[in-house]
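Enquirer: Sequence:
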Amino acid sequence: MKRVVLAIVGFAIIIIFIVAYLFNKNKSTPDNLSNKTLIATVNVAPIEVKTMSKYIVAYGIVESKPGTANTVSLNFDATINKLYVVDGQNVVKGQLLFSVIPSPTVQSQLMQAENSLNSARENLKIVQEKFKLHLVSKQDILNAQNALSQAKIVYDNLKKTYIDKVYSSIDGVVTKINYTQGSSVASGSPILSIADVKNIAIKCGVEPEDVNFLKPDLPATISLIDYNKKITGKIISISNIIDPATHLINIYILPDAKKDLILNSYVEVNIPILTKTGLGVPKSALLYEDGHYVIYTVKNGVAKKHVVNVILKNEDYALVSSPDLTDKDLVVTQGAYELKNNMNVKVQK
Numbered sequence: 590m591k592r593v594v595l596a597i598v599g600f601a602i603i604i605i606f607i608v609a610y611l612f613n614k615n616k617s618t619p620d621n622l623s624n625k626t627l628i629a630t631v632n633v634a635p636i637e638v639k640t641m642s643k644y645i646v647a648y649g650i651v652e653s654k655p656g657t658a659n660t661v662s663l664n665f666d667a668t669i670n671k672l673y674v675v676d677g678q679n680v681v682k683g684q685l686l687f688s689v690i691p692s693p694t695v696q697s698q699l700m701q702a703e704n705s706l707n708s709a710r711e712n713l714k715i716v717q718e719k720f721k722l723h724l725v726s727k728q729d730i731l732n733a734q735n736a737l738s739q740a741k742i743v744y745d746n747l748k749k750t751y752i753d754k755v756y757s758s759i760d761g762v763v764t765k766i767n768y769t770q771g772s773s774v775a776s777g778s779p780i781l782s783i784a785d786v787k788n789i790a791i792k793c794g795v796e797p798e799d800v801n802f803l804k805p806d807l808p809a810t811i812s813l814i815d816y817n818k819k820i821t822g823k824i825i826s827i828s829n830i831i832d833p834a835t836h837l838i839n840i841y842i843l844p845d846a847k848k849d850l851i852l853n854s855y856v857e858v859n860i861p862i863l864t865k866t867g868l869g870v871p872k873s874a875l876l877y878e879d880g881h882y883v884i885y886t887v888k889n890g891v892a893k894k895h896v897v898n899v900i901l902k903n904e905d906y907a908l909v910s911s912p913d914l915t916d917k918d919l920v921v922t923q924g925a926y927e928l929k930n931n932m933n934v935k936v937q938k
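Count the sequence shown with this note's numbering and you get residues 590 to 938, in order.
Treat the hints with care, as some may be off.
Quick list of the computed label-pair ranges, beta carbon to beta carbon [unchecked claim]: (1) 681 with 836: 17 to 23 Å; (2) 684 with 643: 34 to 40 Å; (3) 642 with 805: 15 to 21 Å; (4) 805 with 785: 17 to 23 Å; (5) 670 with 739: 27 to 33 Å; (6) 847 with 696: 31 to 37 Å; (7) 711 with 847: 57 to 63 Å; (8) 696 with 721: 34 to 40 Å; (9) 913 with 785: 55 to 61 Å.
Honestly, the hints are just simulated from the structure, not real lab data. We put the CB at the ideal spot given by N, CA and C, even for glycine.
With the hints as extra help, turn the sequences into a complete structure.
Expert: Here it is as structure tokens:
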């Protein structure tokens, strides 16, 4: 009987030890798991001092600088006889552009002036013959000579005015032809335009609310959309009215290099309106929490949380400020969403 009691007691003690062991094991497991979750693997990058700018982006076209385009017109009515150039053609000074036939009215005026000139010449001859016969005075000869001079001036002026061939006065590119062969052209109407390739500019439109940020001589970067190339320039003029066609305000930018620009080609213009220097971090490091931005830095295997003020951002980086950040810190760029302040981390090599 005594042996049975001892066996029961021994068995009970063994059961107690087993239960205690299992209880302690189960109790310790959450702590161990918890400790493991406090260690996160992250990627880091150094914080760098960077200079960044805020830009106004506008789109425009290459054309003649305001006031430099050469518009060709006539000061008399005529008909286009023949065109010798086409849109986009390079021309040199003195090159034949087109020929015209003056209107019947113009031809009549020229004929009348020519007839008057011939009559004045005949009249002078007659007066000179009469003077030899003492039929007229010397004053009559002077009057006839003056009449001839006036008739010649009128005829020569009309002859110069009523030309039938028109030549280019500059080297340039034909940008627009408004008439075709056989068209009737009124006096003063622009027949064609020639752009001086040495005087080209970028015309682009900006939103009215952005104009207050702009001023002449502000630098700009011009991206040639069709050629994947960039050149620099500066603003030379800003319009004071809204273009009714685009509802934008036109500005003109003078490029520093013109050899790569083709008239009527489209460009993208970036104008810096704010430039700041500060601590730059990759945009992937920024987290937005409770109405503000935060980043995490890592030092000695521990993550530190920082509330930061974002000054400027671009496609890749953000310029931030915080009193406890330096350009010697390492910022978490991947894995930050898992972090807590003062959490142990492992930096991935």
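Enquirer: Run every hint past the structure and note whether it holds.
Expert: Each hint, compared with the structure:
In this structure, residue 681 and residue 836 break the distance hint of 17 to 23 Å, their C-beta atoms being roughly 40 Å apart. At about 48 Å, the CB distance of residue 684 to residue 643 disagrees with the hint of 34 to 40 Å. At about 19 Å, the CB distance of residue 642 to residue 805 agrees with the hint of 15 to 21 Å. As the Cβ distance of residue 805 to residue 785 is approximately 21 Å, the hint placing it in 17 to 23 Å holds.
Checking the proposed 27 to 33 Å range against residue 670 and residue 739 shows it holds: the Cβ atoms sit about 31 Å from each other. For residue 847 and residue 696, the hinted distance range of 31 to 37 Å is not satisfied, since their beta carbons lie about 44 Å from each other. Range check, residue 711 to residue 847: about 59 Å between beta-carbon atoms, so the 57 to 63 Å window is met. Checked against the hint of 34 to 40 Å, the pair residue 696 and residue 721 passes, with Cβ atoms roughly 38 Å apart.
The hinted window of 55 to 61 Å between residue 913 and residue 785 holds, with their beta carbons roughly 59 Å apart.
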